[in-house]
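K.L.:
Spelled out from the first residue to the last, the chains are:
There are 2 protein chains.
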Amino acid sequence: MTKKILIVGGVAGGATAAARLRRISEDVEIILVERGEHISFANCGLPYYIGEKIKDRSKLLVQTVNGMSERFNLDIRNLSEVTTINPDTKHVTIKNLQTGQSYEESYDKLLLSPGAKPIVPPIPGLAENKTLFTLRNIPDTDKIKAYVDEHNPKRAVVVGGGFIGIEMAENLVERGLHVTLIEMANQIMAPIDIEMASILHTHLQQKGVELILENGVKQFKQQGKIIVLADGREIETNMTLLSIGVRPENELAKTAGLKLGERGGIIVNEYLQTSNQDIYAVGDAVEVVDYISGTKAMIPLAGPANRQGRIAANNMMGKRETYQGTLGTSIAKVFDLTVAATGNNEKILNRLDVPYEVVHIHPSSHAGYYPNAAPIALKLIFNKETGKIYGAQAIGMDGVDKRIDVIATAIKGNLTVEDLTNLELSYAPPFSSAKDPVNMAGYVAANIKEGELEQVQWHEIDDIVTEGGLLIDVREPMEREFGFIKGSKNIPLNALRNQLEQIPRDETIYVSCQVGLRGYLASRILKNNGFKVKNVDGGWKTYSSVFG
Amino acid sequence: MTKKILIVGGVAGGATAAARLRRISEDVEIILVERGEHISFANCGLPYYIGEKIKDRSKLLVQTVNGMSERFNLDIRNLSEVTTINPDTKHVTIKNLQTGQSYEESYDKLLLSPGAKPIVPPIPGLAENKTLFTLRNIPDTDKIKAYVDEHNPKRAVVVGGGFIGIEMAENLVERGLHVTLIEMANQIMAPIDIEMASILHTHLQQKGVELILENGVKQFKQQGKIIVLADGREIETNMTLLSIGVRPENELAKTAGLKLGERGGIIVNEYLQTSNQDIYAVGDAVEVVDYISGTKAMIPLAGPANRQGRIAANNMMGKRETYQGTLGTSIAKVFDLTVAATGNNEKILNRLDVPYEVVHIHPSSHAGYYPNAAPIALKLIFNKETGKIYGAQAIGMDGVDKRIDVIATAIKGNLTVEDLTNLELSYAPPFSSAKDPVNMAGYVAANIKEGELEQVQWHEIDDIVTEGGLLIDVREPMEREFGFIKGSKNIPLNALRNQLEQIPRDETIYVSCQVGLRGYLASRILKNNGFKVKNVDGGWKTYSSVFG
Ligand SMILES: Cc1cc2nc3c(=O)[nH]c(=O)nc-3n(C[C@H](O)[C@H](O)[C@H](O)COP(=O)(O)OP(=O)(O)OC[C@H]3O[C@@H](n4cnc5c(N)ncnc54)[C@H](O)[C@@H]3O)c2cc1C
Ligand SMILES: Cc1cc2nc3c(=O)[nH]c(=O)nc-3n(C[C@H](O)[C@H](O)[C@H](O)COP(=O)(O)OP(=O)(O)OC[C@H]3O[C@@H](n4cnc5c(N)ncnc54)[C@H](O)[C@@H]3O)c2cc1C
Ligand SMILES: CC(C)(COP(=O)(O)OP(=O)(O)OC[C@H]1O[C@@H](n2cnc3c(N)ncnc32)[C@H](O)[C@@H]1OP(=O)(O)O)[C@@H](O)C(=O)NCCC(=O)NCCS
Ligand SMILES: CC(C)(COP(=O)(O)OP(=O)(O)OC[C@H]1O[C@@H](n2cnc3c(N)ncnc32)[C@H](O)[C@@H]1OP(=O)(O)O)[C@@H](O)C(=O)NCCC(=O)NCCS
Numbered sequence: 102m103t104k105k106i107l108i109v110g111g112v113a114g115g116a117t118a119a120a121r122l123r124r125i126s127e128d129v130e131i132i133l134v135e136r137g138e139h140i141s142f143a144n145c146g147l148p149y150y151i152g153e154k155i156k157d158r159s160k161l162l163v164q165t166v167n168g169m170s171e172r173f174n175l176d177i178r179n180l181s182e183v184t185t186i187n188p189d190t191k192h193v194t195i196k197n198l199q200t201g202q203s204y205e206e207s208y209d210k211l212l213l214s215p216g217a218k219p220i221v222p223p224i225p226g227l228a229e230n231k232t233l234f235t236l237r238n239i240p241d242t243d244k245i246k247a248y249v250d251e252h253n254p255k256r257a258v259v260v261g262g263g264f265i266g267i268e269m270a271e272n273l274v275e276r277g278l279h280v281t282l283i284e285m286a287n288q289i290m291a292p293i294d295i296e297m298a299s300i301l302h303t304h305l306q307q308k309g310v311e312l313i314l315e316n317g318v319k320q321f322k323q324q325g326k327i328i329v330l331a332d333g334r335e336i337e338t339n340m341t342l343l344s345i346g347v348r349p350e351n352e353l354a355k356t357a358g359l360k361l362g363e364r365g366g367i368i369v370n371e372y373l374q375t376s377n378q379d380i381y382a383v384g385d386a387v388e389v390v391d392y393i394s395g396t397k398a399m400i401p402l403a404g405p406a407n408r409q410g411r412i413a414a415n416n417m418m419g420k421r422e423t424y425q426g427t428l429g430t431s432i433a434k435v436f437d438l439t440v441a442a443t444g445n446n447e448k449i450l451n452r453l454d455v456p457y458e459v460v461h462i463h464p465s466s467h468a469g470y471y472p473n474a475a476p477i478a479l480k481l482i483f484n485k486e487t488g489k490i491y492g493a494q495a496i497g498m499d500g501v502d503k504r505i506d507v508i509a510t511a512i513k514g515n516l517t518v519e520d521l522t523n524l525e526l527s528y529a530p531p532f533s534s535a536k537d538p539v540n541m542a543g544y545v546a547a548n549i550k551e552g553e554l555e556q557v558q559w560h561e562i563d564d565i566v567t568e569g570g571l572l573i574d575v576r577e578p579m580e581r582e583f584g585f586i587k588g589s590k591n592i593p594l595n596a597l598r599n600q601l602e603q604i605p606r607d608e609t610i611y612v613s614c615q616v617g618l619r620g621y622l623a624s625r626i627l628k629n630n631g632f633k634v635k636n637v638d639g640g641w642k643t644y645s646s647v648f649g
Numbered sequence: 102m103t104k105k106i107l108i109v110g111g112v113a114g115g116a117t118a119a120a121r122l123r124r125i126s127e128d129v130e131i132i133l134v135e136r137g138e139h140i141s142f143a144n145c146g147l148p149y150y151i152g153e154k155i156k157d158r159s160k161l162l163v164q165t166v167n168g169m170s171e172r173f174n175l176d177i178r179n180l181s182e183v184t185t186i187n188p189d190t191k192h193v194t195i196k197n198l199q200t201g202q203s204y205e206e207s208y209d210k211l212l213l214s215p216g217a218k219p220i221v222p223p224i225p226g227l228a229e230n231k232t233l234f235t236l237r238n239i240p241d242t243d244k245i246k247a248y249v250d251e252h253n254p255k256r257a258v259v260v261g262g263g264f265i266g267i268e269m270a271e272n273l274v275e276r277g278l279h280v281t282l283i284e285m286a287n288q289i290m291a292p293i294d295i296e297m298a299s300i301l302h303t304h305l306q307q308k309g310v311e312l313i314l315e316n317g318v319k320q321f322k323q324q325g326k327i328i329v330l331a332d333g334r335e336i337e338t339n340m341t342l343l344s345i346g347v348r349p350e351n352e353l354a355k356t357a358g359l360k361l362g363e364r365g366g367i368i369v370n371e372y373l374q375t376s377n378q379d380i381y382a383v384g385d386a387v388e389v390v391d392y393i394s395g396t397k398a399m400i401p402l403a404g405p406a407n408r409q410g411r412i413a414a415n416n417m418m419g420k421r422e423t424y425q426g427t428l429g430t431s432i433a434k435v436f437d438l439t440v441a442a443t444g445n446n447e448k449i450l451n452r453l454d455v456p457y458e459v460v461h462i463h464p465s466s467h468a469g470y471y472p473n474a475a476p477i478a479l480k481l482i483f484n485k486e487t488g489k490i491y492g493a494q495a496i497g498m499d500g501v502d503k504r505i506d507v508i509a510t511a512i513k514g515n516l517t518v519e520d521l522t523n524l525e526l527s528y529a530p531p532f533s534s535a536k537d538p539v540n541m542a543g544y545v546a547a548n549i550k551e552g553e554l555e556q557v558q559w560h561e562i563d564d565i566v567t568e569g570g571l572l573i574d575v576r577e578p579m580e581r582e583f584g585f586i587k588g589s590k591n592i593p594l595n596a597l598r599n600q601l602e603q604i605p606r607d608e609t610i611y612v613s614c615q616v617g618l619r620g621y622l623a624s625r626i627l628k629n630n631g632f633k634v635k636n637v638d639g640g641w642k643t644y645s646s647v648f649g
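Order-wise, the sequence lines are chains A and B. Mapped onto this note's numbering, the consecutive letters of the first sequence carry residue numbers 102 to 649. Mapped onto this note's numbering, the consecutive letters of the second sequence carry residue numbers 102 to 649.
Source of the hints: derived by calculation from the structure; they are not laboratory data.
Since copy identity is lost for identical chains, a pair holds within one copy or between any two.
Okay, derived cross-link-like pairs now, DSSO-like style, lysine-lysine, Cα gap no bigger than 30 Å in a straight line:
#1 Lys536 to Lys218
#2 Lys628 to Lys104
#3 Lys420 to Lys633
#4 Lys642 to Lys590
#5 Lys231 to Lys326
#6 Lys255 to Lys308
#7 Lys536 to Lys246
#8 Lys633 to Lys489
#9 Lys536 to Lys244
#10 Lys160 to Lys642
#11 Lys536 to Lys489
#12 Lys191 to Lys105
#13 Lys360 to Lys218
#14 Lys244 to Lys154
#15 Lys246 to Lys218
#16 Lys485 to Lys420
#17 Lys156 to Lys642
Next up, chain A with everything else stripped away, as it sits in the complex:
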């Protein structure tokens, strides 16, 4: 029987496991060791405290050492670091960071939830940079906030366009700074694909963020006051936030001889056991199985960490619950927009050489006739033969989280794109349309699967037109004044049936419109009149998010 459990790391995975353990048993001894001062804090809220959206610092502390010790009868040792594990004798060494003294502690089962740490590459000038920050915990937060409060910096550079980088860019803008965001890739926000990210690029720029893509930091000069970019360009700044990703906290596991994956994540089986059966590991530090592709992945998110913490607790106490893998459902607020994604994106599927089909639609968040409806750019990725859903991405002002959550649920339910058409989602004008955007994405995808709709993508159409393909823009002439795909010929949809004679029958015809719907209608008219036809998926809206 498990009598004594020691947990390394007292935040998302660790604290959740501790609470669950106590609920399972009043008898087990639970020691929670945390290097920092704080346990159980709201990592995810840190950027918003700096931006003063969250005003009260104490709100970041979901639980305190005293509160949680008392409620769950835990032995919590904060400001204490586990420095080594001896799996043979089942002991750890703990260093009290206040006294500097180390001591041994035994365990029956050990849980590692040490998290991850910001990647800090050896950039020249880094050591001398006095205004360089990373953000992971409360002390980091206090430092950044104090710097902004006290020094009133005018300019900030955020290096890295992931979640934390983008959230910090927003929150620093909220504090009145001019922010430059530097990203090495050709897009920010890796979970989504480039045509979706392009919407965010435009929005960030509208909000005054200077965006520098495909560029990196080569050097810091003048104690960080000057940043030299890979292309030689120099940027002045008063502060720099480095947020180019995280690396698993794996030192402890490594020195204990636990197996690590290629990217340094602790390897666990489906019961969240490491290569040592008495040592479990969860959270940002572990390598997970990608739920869609079945490949190995690192997905450092709070939901999975919490879920794994509970499952590991169950299993340490003798249950046999499996962790199903991580879908990677993620979301961020980006000023007025929300961006969310679930499952695999095109980049991943291409890398894995998985064939897929894509649909882009632009439905309203709710009935267009009810006030404040806003468009959602919704992308669905699926298998054309089986209808299996690989993933989805969405951006908009409202209702984005709902649609991605519904699709994430559909994926877990093994639903196909046809099944999406049959989802019965709640409808009244303030909330949705009689056909919800998710139903609609399902309809379009099902039409592709059934061969009723053939498409080309935004990145294919220019070449097709250049090579002489006929592209018919079926919008009204007025709409074209705001832009159109070069080389397209205009025949408004309602005039199409009367102009069929002018359209060649011996080649594939391409059609496009504003969002894809009228193009689809045109494609049906043409197809049912014997033409070969393909619709530009997502219409001008998707095309112009990159090329507009």
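The hints should help you fit chain B with the ligands onto chain A, whose structure is shown.
P.N.:
Chain B with the ligands alone, transformed into the frame defined by chain A:
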């Protein structure tokens, strides 16, 4: 081959079918016959136009006769009523309501989407009531709005507390009227159960709506200026809206000899064919299969009508697509609150004698530390043995639609309550918590299924205490100042472990707290110390929504 299709009814089901038919074929002749002036209008938006939330009347007209005829090459005959069907000769009689002339029209396939009409019982004084309204279409809307605009009525009575009644109550309040809502049942909003509806009762009253339950209209006096209630009470009013439900428009089907169900709905098979194989029917007029219980039901909602319209179109053109039944997912805005539900409620399950278990939780719409989080009252109904989800209900200011849609999707994916714990939903502080409310409902339900948690319901605890049961309220003394369950003894959660000696071991102990969470923690402490214990599900919050 199908050459000519005639559609009766040109709004949700009918217009959708017409559009889909044309997309399937350019050759089929499509005649759409609509009794009213308008086709394809936004029924669901009508109350909001009266309330002036929707300002522009033309926004209610999603499509016009001309626009839709042109786009889809349809023969639309509005202000025309199909008066008889002759299934043997496959002809209908159409009466032109402008000229009064009738003529015959043949069909290969006929689609009925005639909708439903407001129930108007033969109340004494009804014929003389000059200010009695019902709301189904644009002319109804114009009448009500004109009356409000021109006569500036001070008081309105809404009879019937379903969706339309509640939406109208709100919109009339928005127009400055004092509204009295009369409902025959002991609760408004039939899709939810009474303890959930009680939250709405309180909210409506806070918004100035006078709510009269378990009472009906016996008589109208003085041309409707006085309403006499069943209990003899008299109410003065300037106008009355009758919204006590709808009845299928089944005259045509009945006289054509089509089979009707007990409640008058046209009977269709899974292909949406009526008892005559060339006549299909969809929408409010048909009897559907309840997706959860498999029993017959009437569920007059726009999503199902639209979905059925498309499926019927497919099938009339030779496909064999089945309609899966109706889950009854529904939603309404009620002033600052949203109420939504999916699947079966307790009332239905009790009627069908299906055993079930219930969970009430009160999580935040998003992370509590991020501004504007608001509680959601979320109820999950499930089978304790199998974990099958029967239904869910939710009320709150924000994020209600999302949670109900996720659960509706889970139901369609055949997911169990355990599966809800494994849903990977999008989390960042503005949108959710690391454990989403849906995950949380899953955890609580799974604990019940596993026997880790035993509960009593809000309606059971008073009797238990009266009969001498020991109820321990584990909240802080301060919290009890706002109310507590009569007869409960206070032992704050954190003090519980030290007071175990004072708690009798020979009887079941009942525990309660604010929302159920601390009660659960207390129940674990007690259970793991050898006590028999049950938690009051949903805590004081659920209990007090009825008894508070
Ligand atoms: C700024 C920020 C914003 C975020 N926003 C989101 C978001 O919106 N949504 C989302 O899903 N996720 C978000 N995350 C990620 C989320 O916080 C993590 O995925 C989650 O906290 C991981 O949980 P964990 O238990 O693995 O690690 P952590 O929560 O980081 O906990 C690990 C703890 O272990 C301690 N530790 C490490 N080694 C030792 C040792 N040897 N001895 C003792 N203690 C040790 C560390 O001090 C740390 O406190 C965000 C993270 C950050 C930093
Ligand atoms: C005020 C109001 C608010 C609503 N709000 C919501 C909501 O928020 N969410 C939701 O899901 N649902 C809502 N509904 C319900 C929704 O509008 C209906 O479920 C849906 O319209 C049903 O579609 P249908 O095609 O069956 O009938 P309808 O849309 O009503 O169309 C039937 C049409 O057939 C015509 N017709 C009938 N008989 C004949 C005949 N013999 N010849 C010619 N024409 C004929 C009628 O004139 C009518 O226009 C609301 C309804 C109303 C009235
Ligand atoms: C605070 C913390 C320790 C709480 O852990 P926890 O006790 O497992 O979680 P909660 O307080 O949400 O309670 C969940 C438990 O209560 C139960 N519960 C919740 N509401 C309930 C209700 N109304 N009735 C009965 N039980 C209920 C759940 O079933 C669950 O119990 P189980 O795991 O035994 O099934 C942990 O979540 C934490 O440290 N969070 C902050 C760190 C973090 O996650 N950071 C990243 C995100 S910012
Ligand atoms: C207006 C109305 C006639 C439209 O019917 P519709 O053409 O079927 O519906 P939509 O305009 O939403 O278009 C949906 C079609 O476009 C396709 N589509 C939508 N977006 C697309 C895109 N971006 N790219 C390609 N195709 C797209 C869908 O696949 C679907 O086609 P399918 O049925 O052949 O698969 C009908 O919805 C109606 O009358 N509505 C008002 C009445 C009503 O519903 N009232 C109750 C609610 S208030």
